[in-house]
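Participant: Single-letter residue listing:
2 protein chains.
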Amino acid sequence: MKIITTGMLKKERHAFIIRQINLHNKVLSSDLGLQLQVSEDTVRRDLNELSESGKIIKVHGGALSKSFHFPYEQKDVYAQDSKKEVARKAIGLVSEGMTVLTGGGTTMLEMARLVPDDLEATFFTISPVVALELSEKKMLTVILIGGTLNKNAQVNMGSKTIADLSEIGVDLCFLGTNGIDLKEGITDSEWEVLQVKKAMIGASARIAIMCIGEKLNSVKKMKVCSLNTIDYLITDLASNDPKLQSYEAHTKVI
Amino acid sequence: MKIITTGMLKKERHAFIIRQINLHNKVLSSDLGLQLQVSEDTVRRDLNELSESGKIIKVHGGALSKSFHFPYEQKDVYAQDSKKEVARKAIGLVSEGMTVLTGGGTTMLEMARLVPDDLEATFFTISPVVALELSEKKMLTVILIGGTLNKNAQVNMGSKTIADLSEIGVDLCFLGTNGIDLKEGITDSEWEVLQVKKAMIGASARIAIMCIGEKLNSVKKMKVCSLNTIDYLITDLASNDPKLQSYEAHTKVI
DNA sequence: CAGGAAATTGCAAATTTCTGCGGTTTTTTT
DNA sequence: AAAAAAACCGCAGAAATTTGCAATTTCCTG
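Protein chains in written order, with the working numbering: chain A, 1 to 254; chain B, 1001 to 1254.
Read the hints as simulated data drawn from the structure, not as lab findings.
Everything numeric in this text was worked out from a predicted model, so none of it was measured.
It cannot be assumed that every hint is accurate.
[What the hints assert, rightly or not] Label pairs and their computed distance ranges (CB to CB):
1) A/Met8 to B/Ser1095: 50 to 60 angstroms
2) B/Ser1239 to A/Ser166: 41 to 51 angstroms
3) A/Leu23 to B/Ser1053: 27 to 37 angstroms
4) A/Ser30 to B/Ser1239: 52 to 62 angstroms
5) B/Ser1030 to A/Gly54: 26 to 36 angstroms
6) B/His1250 to A/Met8: 45 to 55 angstroms
7) B/Leu1009 to A/Gln37: 32 to 42 angstroms
[To be verified] Not close to chain A: a few residues of chain B, all C-beta gaps over 10 angstroms, as computed:
8) Glu1214
9) Lys1220
10) Asn1228
We put the beta carbon where it would ideally sit given N, CA and C, even for glycine.
Work out the full structure: start from the sequences and follow the hints.
Facilitator: What follows is the structure, encoded as C-alpha cells:
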C-alpha cells in the first residue's frame, strides 16, 4: 500500500498512526517513516508519545493495537484476516447515496471501519458497536435500531427490534451467518437471532451474506432463508475457488 | 488556493478561520497569515481565543477542527472526579427491580460502571456507549432506545427516539444538564437535545438531574422544565454546601 | 467631533518545540 | 559470536510560540 502524505502536523501524524493501527493491528516504524515522509526517529518519538498516553503498545520494530491480543492460536489470526478480506469485499457493494442495513459481529465491525471517509450514505444497524464505529465517519447518517440488548451477541433483539425493522426499507442488507449450505440455505441455531435475521431480510431489497470460507456447507438447526433469497455471497475465498462453484447457480458469488 | 482579504475585523477573521477549518479540518498559522494579510502573531492570538472558547483545537503549527479526533480516543474527561462522585450518589437511588431510563455523557457512563454486579433491574438508555457498559452486568436487562445517532453527543435522537420514548414508562429517569438555575429551571442549548429530554421526562415517574457543582446557576437558551418537575438534584457537593440551599425548597438535594 | 481609554496589532527578543543526524547502545537475526 | 536492524541519546538548526512593548486603531463619551 502506498500512502502519500506531506506537511502533516504532529497531531495529524498521531491520528494517522492510530488509524493505521486500527486497520492493521500493527505498524512498522519503517513503513510509517515512508508514509508520513518523516525520519524514523520522528516516528519513534510519535510512537513513544502515543504509547505513554496508553493509546498503543510499542514494540520493537513498531507498535501494536492496544486491544491486540497475542495470538492464542494460529487459527484466530487467520480468521481475523479472512474476516477483513470479507469486509473489504463487502464494502465495495456500497455506493454513494445508498441505504444499508447491517447486523453485528466482528466482520461487520471490520466493514464499518473500512467505510470510506467521504462516503455519503445511510446505515441502519442493530449493533451499538457497529453504530459507534460508523459514527466516526462524518458523511454517514447512522440509525440505530433499538431493542433489548443481547449480552452475548451485543446486538439489539426482541419484539421491538423486529417491529422497527418491519417499518423500514433499505437497498442492501449485510448479514453474517454460521450456517450456509447448498440445500438448506442460510441456517442459524438461535431462535431470537433467526427472527431478527428474517426481519432484516424482509426490510431489504437485496441481501448480502458475509461469511468466511470455512463456514461453507455447514447446517444449523433452524432455517433463515433459502439460497435463492440471497443476492450476494461474500467470502474470503478467491472467486474461482472450487468450493464456491456450486453456489454460483443460486447467487452472485463475490 | 489564493485568498485575498484586507482590513478584516477580528470577528471576521475568526469567522474566516472557522470556515477554513470546517473546509479543510485544519489550518496552518503561516497560511492564515498570508490569507488574512496579518502577522502570524495576530493569527496565533486569534487561534488562542478560538481555542479557549472551545471552537477549535490549537496545536503546534496551526489548529485542527474540533471534530478532529482519534478513533477510539477517550476524550479527556473534564472534572472526572466530580462526575464520579455524582455517579456514585446517583446509583444509590436505584434499587432491586426498578425500571430506569438514562441519557448519555460521561457521568452516565460512570454510573453504568458503578451498577452493582448483582443488581437485577431494567435499564432503558438512548446511549449505545452506556448500553454496552451496562451489558457487562449479568443481572440487568438493557434496552436501547433507537434513533438517529448523534455524532457529537453519541446518543440517539430524532423523531424515532421521541416516539419510542413516548411509548415507555419507567420509575426513574437520570438526566444530565448544562444549565440549571433557580428561576429558569433546567435549560439546554440544543433544540434536538431539548426534545429528547422532554420526552424522557414524560416517560418517567420520577426525575433525577445529575450535574457537577459548577454548573449550578447557569442558564442556557431553551427551557427543558422547571425545578419543581425535578425530584432529585444530584451533585458532587456536600449536602450542606451553601450553593445548594436555595434549591432545597424545590427538589430533594443529594 | 475632539479627546482619551481600551483594545488591537506588529515587531523583536527570548523561549520552547520539533525534527533530522551522527554516534552509541540494545535487540534481533544469522 | 558476528552482523544487521532498530532504538536511544544528545545536539543543533529550523520553525513556532511566547512575551513585553510601542504604535496604531477602534470605540466611547461628553
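Participant: All hints are to be evaluated individually against the structure, with a verdict given for each.
Facilitator: Tested hints:
no. : hint                                      : in the structure
1   : A/Met8 to B/Ser1095: 50 to 60 angstroms   : holds (53 angstroms)
2   : B/Ser1239 to A/Ser166: 41 to 51 angstroms : holds (49 angstroms)
3   : A/Leu23 to B/Ser1053: 27 to 37 angstroms  : holds (34 angstroms)
4   : A/Ser30 to B/Ser1239: 52 to 62 angstroms  : holds (59 angstroms)
5   : B/Ser1030 to A/Gly54: 26 to 36 angstroms  : holds (33 angstroms)
6   : B/His1250 to A/Met8: 45 to 55 angstroms   : holds (53 angstroms)
7   : B/Leu1009 to A/Gln37: 32 to 42 angstroms  : holds (38 angstroms)
8   : Glu1214                                   : holds (26 angstroms)
9   : Lys1220                                   : holds (24 angstroms)
10  : Asn1228                                   : holds (31 angstroms)
In terms of the numbered hints stated before, the structure departs from none.
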